[in-house]
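Following numbering that gives the first Met the number 0, the numbering of the sequence shown begins with 0 at its first residue and continues without gaps.
Hint data in this document are derived by calculation from the structure and do not stem from the laboratory. Check each hint, because a few of them may be wrong.
[As the list claims (entries may be wrong)] The list that follows gives simulated cross-link-like pairs (lysine to any residue, SDA-like), each with its CA atoms no further than 20 Å apart:
(1) Lys147 x Glu99
(2) Lys136 x Leu90
(3) Lys286 x Cys261
(4) Lys108 x Leu139
(5) Lys56 x Gln92
(6) Lys86 x Arg109
(7) Lys347 x Ala73
(8) Lys56 x Pro28
(9) Lys45 x Val327
(10) Lys4 x Asp247
(11) Lys56 x Arg78
(12) Lys68 x Tyr8
(13) Lys314 x Lys347
(14) Lys347 x His320
(15) Lys136 x Ser181
(16) Lys56 x Phe362
(17) Lys108 x Ser157
(18) Lys56 x Asp287
(19) Lys143 x Lys286
(20) Lys56 x Ala73
(21) Lys346 x Gly87
(22) Lys145 x Tyr330
(23) Lys346 x Lys108
(24) Lys68 x Met85
(25) Lys108 x Val124
(26) Lys347 x Asp301
(27) Lys47 x Leu25
(28) Lys108 x Tyr330
(29) Lys286 x His320
(30) Lys147 x Tyr330
(31) Lys314 x Arg294
(32) Lys68 x Ser12
(33) Lys86 x Asp76
(34) Lys56 x Leu25
(35) Lys108 x Lys4
(36) Lys346 x Val327
(37) Lys56 x Lys347
(38) Lys68 x Lys147
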Amino acid sequence: MATTKDRSYGTPSILEKVGLGASLLLHLPLTLGWTLLASPFHLNNKHKAWTRVLGDKYFYFLTGHFNIKQLQWALGDTREVYNNWMKGQKLPQVVDELGENSRLLWIGKRRTDRVVLYLHGGAYVLPMQYFVPDFWKYALHDLKNKDKEAGFAILQYSLVPTAPHPAPVTQAVLAVQHLISSGVQPQNIQIVSDSAGGGLALQLLSHILHPLPSVPRLTLSAPLGGAFLMSPWVSLTGQTGSMLSNDDNDVIGVGCLTYWGCIVLDDVPEASRPYLEALRAPEGWFKDLDTAVQRVLITAGDAECLRDEIVVVAKEICRHHEGARYVVQQYGVHNDPYFDFLTMEKKKSELTPVILEWLAAGF
């Protein structure tokens with residue numbers, strides 16, 4: 000007898016909810032205390048402010064101790080995160096419905112001259128994190144100071160298990176089509192992304208080069224202005240050297256990445272794997288990438304589990320695109336620049352000015 004897959008979002012049992020609360024109240028404080036005491040003797044932590052040490056470990060604890068249902072229930076969805084952040088900023092919500100249960104969530108006013116399209120991370124199972132908009136607000140302020148003010152639109156796309164692949168890339172296509180139909184020139188759209196959002200950006204670019212039959216085609220009159228990928232998730236099953244050597248250094252551990260990857264890849268056909276996992280793309284996959292996007296920036300942290308896979312893919316992209324480059328941050332973790340905004344650090348990651356300069360150069 001066939002079984003029906005559970006496609007519900009954030010529906011843990013009562014026991015799972017109690018377990019989550021108990022772990023946060025009892026286990027987390029002990030973990031943070033020990034981490035802080037040991038930080039002077041930890042190669043990566045001794046270079047960080049104590050607030051960053053605690054912030055990084057807090058995130059590692061969350062991702063490593065709870066299942067997807069628990070995390071989805073605790074974190075809500077991207078629309079909730081956006082609504083709460085906008086309320087805190089005393090800004091009006093500006094939302095464009097795209098269809099297919101997706102929407103653009105604008106920070107500030109809609110614009111058609113210059114637009115940054117953000118594809119959030121979260122392993123295709125979790126929403127945008129609540130501290131991430133603070134980073135992009137900082138970036139938008141920098142653009143304004145450089146007389147390159149831009150609109151910023153967050154794509155709320157469907158998460159696993161509610162809608163598996165290829166739903167997110169379909170929704171990304173709808174987002175770009177919507178912006179173009181609104182009057183934005185392709186060369187004035189810059190895509191920024193992180194983690195699984197970086198993987199989604201690569202899915203979108205791969206679809207432009209190698210159209211998926213089940214996804215609407217994206218025909219461009221000119222290449223997109225740019226694509227920034229922060230710590231992109233390019234292998235959902237990887238077990239390279241950095242996956243093992245950085246398990247204790249990163250903000251996300253190997254076990255968590257493997258667990259999430261197995262859930263996302265469930266029932267994904269082999270022919271779709273190069274779209275979801277750029278590391279598995281065949282030789283020449285990124286040839287003619289310059290016809291899809293003018294510039295590419297890829298960043299990674301030296302202390303993150305995904306480092307080796309990211310570097311392999313970045314080198315392959317750079318081999319086919321003269322306007323592409325990658326940067327690896329010493330002692331950096333997964334999505335390192337964001338965590339300065341989680342703990343409100345005054346001194347920013349060394350990647351932050353690199354990202355800001357790259358973004359401004361595209362406009």
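Evaluation of the provided hints:
no. : hint            : result
1   : Lys147 x Glu99  : violated, 32 Å
2   : Lys136 x Leu90  : holds, 12 Å
3   : Lys286 x Cys261 : violated, 29 Å
4   : Lys108 x Leu139 : holds, 12 Å
5   : Lys56 x Gln92   : violated, 32 Å
6   : Lys86 x Arg109  : holds, 18 Å
7   : Lys347 x Ala73  : violated, 28 Å
8   : Lys56 x Pro28   : holds, 11 Å
9   : Lys45 x Val327  : holds, 19 Å
10  : Lys4 x Asp247   : violated, 34 Å
11  : Lys56 x Arg78   : violated, 26 Å
12  : Lys68 x Tyr8    : holds, 7 Å
13  : Lys314 x Lys347 : violated, 26 Å
14  : Lys347 x His320 : violated, 29 Å
15  : Lys136 x Ser181 : violated, 23 Å
16  : Lys56 x Phe362  : violated, 36 Å
17  : Lys108 x Ser157 : violated, 24 Å
18  : Lys56 x Asp287  : violated, 41 Å
19  : Lys143 x Lys286 : violated, 35 Å
20  : Lys56 x Ala73   : holds, 18 Å
21  : Lys346 x Gly87  : violated, 23 Å
22  : Lys145 x Tyr330 : violated, 30 Å
23  : Lys346 x Lys108 : violated, 29 Å
24  : Lys68 x Met85   : violated, 25 Å
25  : Lys108 x Val124 : violated, 28 Å
26  : Lys347 x Asp301 : holds, 17 Å
27  : Lys47 x Leu25   : violated, 25 Å
28  : Lys108 x Tyr330 : violated, 37 Å
29  : Lys286 x His320 : holds, 8 Å
30  : Lys147 x Tyr330 : violated, 31 Å
31  : Lys314 x Arg294 : holds, 14 Å
32  : Lys68 x Ser12   : holds, 9 Å
33  : Lys86 x Asp76   : holds, 16 Å
34  : Lys56 x Leu25   : holds, 15 Å
35  : Lys108 x Lys4   : violated, 40 Å
36  : Lys346 x Val327 : holds, 18 Å
37  : Lys56 x Lys347  : holds, 18 Å
38  : Lys68 x Lys147  : violated, 41 Å
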